[in-house]
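Enquirer: What follows is the residue order along each chain.
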Amino acid sequence: DAGITQSPRHKVTETGTPVTLRCHQTENHRYMYWYRQDPGHGLRLIHYSYGVKDTDKGEVSDGYSVSRSKTEDFLLTLESATSSQTSVYFCAISVTGVKDTQYFGPGTRLTVL
Amino acid sequence: DQQVKQNSPSLSVQEGRISILNCDYTNSMFDYFLWYKKYPAEGPTFLISISSIKDKNEDGRFTVFLNKSAKHLSLHIVPSQPGDSAVYFCAARPSKSYNTDKLIFGTGTRLQVFP
Chain A
1 DAGITQSPRH
11 KVTETGTPVT
21 LRCHQTENHR
31 YMYWYRQDPG
41 HGLRLIHYSY
51 GVKDTDKGEV
61 SDGYSVSRSK
71 TEDFLLTLES
81 ATSSQTSVYF
91 CAISVTGVKD
101 TQYFGPGTRL
111 TVL
Chain B
114 DQQVKQNSPS
124 LSVQEGRISI
134 LNCDYTNSMF
144 DYFLWYKKYP
154 AEGPTFLISI
164 SSIKDKNEDG
174 RFTVFLNKSA
184 KHLSLHIVPS
194 QPGDSAVYFC
204 AARPSKSYNT
214 DKLIFGTGTR
224 LQVFP
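These protein sequence lines are chains A and B, in that order. Using our numbering, the letters of the first sequence map in sequence onto residues 1 to 113. Using our numbering, the letters of the second sequence map in sequence onto residues 114 to 228.
Keep in mind that a hint or two might mislead.
[Claimed, not checked] Cut-off 27 Å, straight-line C-alpha distance, at most; resulting in silico cross-link-like pairs (DSS-like, lysine-lysine): (1) K11(A) / K184(B); (2) K215(B) / K169(B); (3) K181(B) / K169(B); (4) K150(B) / K169(B); (5) K215(B) / K57(A); (6) K215(B) / K118(B); (7) K184(B) / K169(B); (8) K215(B) / K184(B); (9) K215(B) / K181(B); (10) K169(B) / K57(A); (11) K11(A) / K70(A); (12) K150(B) / K181(B); (13) K150(B) / K57(A); (14) K70(A) / K215(B); (15) K184(B) / K150(B); (16) K57(A) / K11(A); (17) K53(A) / K215(B); (18) K215(B) / K150(B).
Calculated from the structure, these hints are not laboratory results.
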């Protein structure tokens, strides 16, 4: 599982409230990613990071911000949650080598009422 | 614009038979392709990959075929087992000359293997 944990695993919140999701990795990987998974859309990239304090937008970044102050932690923040942000959120890390691939965390199910 | 497409949302196969999952892509700058498997309430797990310089890669019961001229890849599972029932995502990575490690995912195909 490449040592990836996500917290919380489940969250229910109300429209307009701020929400922060945390991704933690234990293996010092440089690249980290946040995706959301929705029916009919597969996995879509929200934001990614290529190092401490180095982040960039993905294809569905509106309404989301990220921060990475330490190699091991990548935070995703919904400044003011909306019902359209109800989704399952996955964090991933990138491993390069013989087989370049991404490894995913267990996911956070977020419901915005 | 969907650059990676999985046109079959679901597939049902009998145990022991072959499962064939398909994926089409539009961007000729993709140089690396991956398949992921996802069970409910879990994160996707890496299954198998193929570089654009190859046309086939095999790992046990799983084989991925790449047809670059048709911009098409497929995943074959032989023989299919009930434990293979999951959602399968194909993903593609742009050439590293683009200085990015981002993956583009398809929408997924739900495979059900029945006894």
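Enquirer: What are the numbers of the hints the structure violates, in ascending order?
Expert: The structure conflicts with hints 1 and 10, although it agrees with all the remaining ones.
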